[in-house]
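Participant: Single-letter residue listing:
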Amino acid sequence: MQTDILLNIENLCINIGQEKVLKNICLQAKRGRILGIIGESGSGKSTLCRAIMQQLPPSFQQTDGDILFNEYPLTKESTDIGTAITSILQNPMMAFDTIQTIEGHFFETIKAKYKMKPIQMRQLAERYLEKVQLYDTHRILKSYPFELSGGMLQRIMIALALISKPQLIIADEPTTALDMINQHNIVTLLKTLQSQEQLTILLITHDLGVIAALADDVAVIHNGEIVECADVYTCFDSPKHAYTKQLLEARL
Amino acid sequence: MKKTLWLFCLKRLASLPIILLGVSLLTFFLMRIVPIEPAEVILRLSGVTPTTESIRSLEKEMGLNLPLFEQYWLWLKDVLSLQFGTSFVSKLPVAEELLSKFPATVLLAINSFVLALTISVPSGIISALYPYSLINKFVRMLSIISVSLPTFWLGFMLIYIFSIQLNLFPTNGTGSLAHLILPTCTLAIPIIGLFTQTIQTAMTQELTKPYIDYAYQRGLSKKTIIMKHVLKHTLTPLLSLFGLTLGNLMAGAIVVEQVFSWPGVGRYLIESIINRDYPVIQSYVLIVATLYVCINLCTDILQRIFDPRIKESTYD
Amino acid sequence: MIKKICLLLLSLIGIISLFAPWIVPNDPYLIDTTKRFFNPSWQYPLGTDHLGRCIFSRILIGMRYSVGSALIIQLISSGFSLAIATIVTFRQGITKKIFIRLWDILLSFPIIILAFALISVFGPGLRSVIIALVFAQTIYYSRIFHNAMISLSEMNYIKAARVSGTTGIKLLKTHFIPHILPTLYTLLSLDLGKVILEIAGFSFIGLGVQAPIPEWGMMIDEGKQYMRQYPALIIYPGISIFMIVLLLHQVGVKKHAN
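Chains as they are written, first to last, in the numbering used here: chain A, 32 to 283; chain B, 102 to 417; chain C, 57 to 314.
What the hints contain is simulated information worked out from the structure, not anything from laboratory work. Here the structure is a predicted model, which means the values were calculated and not measured. Using N, Cα and C, we set each Cβ at its ideal position, and we do this for glycine too.
Quick look at which bits of chain B chain C covers, simulated, 3 or more residues with Cβ under 8 Å:
1. 120-126
2. 246-259
3. 348-362
Going by beta-carbon spacing under 7 Å, a handful of chain B positions derived as facing chain C:
4. I374
5. I382
6. V386
Kindly produce the complete structure, drawing on both the sequences and the hints.
Facilitator: Encoded structure:
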C-alpha cells in the first residue's frame, strides 16, 4: 500500500487577535487511510477544518505554518478545493440552499468541474445517489432540502463530495447531528465507500465510537494542540498522553 | 411543486373579489358618514344658498333618499361598468377627469420606482459584500437620512439648489425630460433609502448562513454564489415591500405634485378633498385600493415562486 | 455612543417643547409687517417671516404641535390596538372572524390613502389628521399585536401558567404584557418619526393644521412662495423636521437592534 502523504500540515498557528486558537499543529493524512481527529468542543477542531478548506472568518489570522496538499500550499484560490478536496459538513439541514432543489445542487456542483448536458448530469447524479444507497432518485432530485430528513441530506452530502472523484475528503463531524441509527448507517456507508473508492478521509469528531469504527490513524487535539498522534490500535491500547487516557476512560 | 403553486394562485385569486367587494363597501360607506350632506355641498358649490326644501329635492334627484344598501347597489353597478359618477364641482364625469390626470402621476411613479431600483440594488449589494468598508458606512448613513427627510421639503431644496441657484432645471410644470428629473428624484429618494436598507440587511444576514460556506467548499465561484443564491433570497423581503411602496408612491406623489405643480391626479385629489367633492375622492380611493390589492397579489405569487417554503397560512 | 447622544438630544427637545411658551424670545403669532424678512439677529435668532413673525419662536412652538400630536397619536393608537388585540385574541367566535376579515380588507388599502379619505370626511384640520392617523395606526398595530399575542400564547411558559391556574386578567398582566412591551416600544418609537412626517405632509398640502398655527409643515407651505428671495422660511422648519425624525430613527433603530 502506498503511503504517500496527501495532506501535510506543518506548524500551523492560528490566532484571533492575541489569543492562540491553534498552536503548532503538525498533521499528516496518508493516502488511502482515514485520519481521525478527536477532541472536545472548543479544542479547535472546527477551526482546523475551516483552515484546511480556506474558509476562516476574517477575524482569524494564520500567523505561521503551511497547509500542503500534494506538496503544494493551499490557498483561497486553489482550484483543488471543491475538486480534489471535498467536504462533508456537520449540520446537513443547514448546509443546503432551501430554495433550490437537490437536483439544482447537484447540477451546480457538477458544472463547477465538468462540462455536461443536463441529461448527463442527471444520470451522474442518480448514479451517485445510488452509491450512497438512496434509491428513490427521481423524487429526491425534485425535492427541496427542507422536505428531506437529516440522514438523507447527510448521504446526499456524501454523494456530492464523491462526484468530483476527490483525492481527499474532509468530514467535519458527519454524524453529530444525526440520531443513533442514522449515525450507524452513515459510519457503515463511509466504511464501504472508503474501501470501494480508495478514499483518503480526514475525519473530525468528538465521538470515540466513530473513531474506533472508521479511523486508521488518530490525532488527539486538546486546547489547540495535537497531544497524541498514532495509528488507531496504538492510540487505544497504549495511549501516551494524560488527556488521551482521560478521553478513553470517559467512554463509559 | 407546480400543482401547489397553481392551487395557491387560484386560492388567492378567489379571495380577490371578496376583498375588492369589502374595499368597495368600505369606500362607499366612508363617504356616507360625512357630517355635511352631499346635497348641501353641491348647492353651496353652485352658489345657491341651501334651504331644507332645495336640499330635499336635490337629494331625491340624486337618489340620496333611497335606503343605503340600494344606493350602494346602484353605485356598485355603475362602478362595474366603469362609470364613476359626476364631480360635484365640475359637473363632468369623474372617469374622464381621472383618466386624463392619472397618466401624469403614473409616469412619475414608474420613473421613481425604476430609479429607486437602479440605485438601491447595486448600493445594497455592494455595501453588503464589503461590510467594514467606507462604502458600507456611507450607504447606511444615506439610507437613514433619506427616510428621515420630509419629501416636500426635499423637493423644495432640490428646486432651490438645482433650479434657482444652478439654473439646471425648470422649477415646475411639465413637458420635457428636464421637467421630469427633479420630481422623480424627490419621490425616489425615500424609497431608495428603504430599498437599500432592506437589501443590505437581507444580504448581510444571508451571507452569514452555513450554506454559503458549503457552496464555496463544493467549488462554486463567488460570483455564482452571490448572483444565483444570495440574490434570490434577498428578493423575497424586497418583493413584499413592493405593495407598500406603491402606497408610498401614491401618497408621495400627492405631495410632490403640489411642490412641482405636476398636473397629476394628486393635485386633483387635494382640491376635491377641500371642496368635499365626494365622487372624486371615492373613485380615487377605489382605484388606488384596487391597484394595491392586485399588485400585492402579484408579489405574493412571485414570492411563492421564489421561495417554496412560504405557506398560505395567513389566508385560511 | 451615538444612541446615548441622540437620546440626550431628544430629551432636551422634549423639555424645550414642554416649556416652549415660556422660553420663546418673541410672540410667534405677532404680525408686524414692518419687520418682514429680517436677517437673523439677537432679537430674532432666525430672522422673521413674510408677516414679520419671529421664525425661531414659531419653530419652538411648532415643535409642540408636530411632536406633541405625533405622540398623542401613537399613545392613543397603541392603547386602542392593545385593547382590540386582546379582545380578538381571547374571544372566540364571530367577533374574531369579523375582525380578521376586517383587517384583511382594511390592510389591503394603502393605509395613507385611507387616512386621506378620513380627512376628507371630517374636513381639513389638525383634529381630522389626528383622527385619521389614529385610525390608520390602530388598524396596523392591532393586527401586529394580535399576531404577537397568538405566538405568545403558544409559548410554553404561558401554557404552564394556564395549567397552574392563572387565568384572565392576572394572566394578562403578569405574563402577556411584559412580553408585549418590547414590541410595543419598538413600534411606537420607530413610527413616531414617520407620523411626524405625515402630519407635516398633511399640513403642507393644506389638509392638516390651519393658519396661524406654526406647525412646521404649514410653515413650509406658507413660505414656499418666497423661496427665491427668502429660502430661510422653508429651510429652518424643514431642517427641524429632518433633525427630529433623524434622531428618532437613530434611537428607534438602535433599540430594535438590541
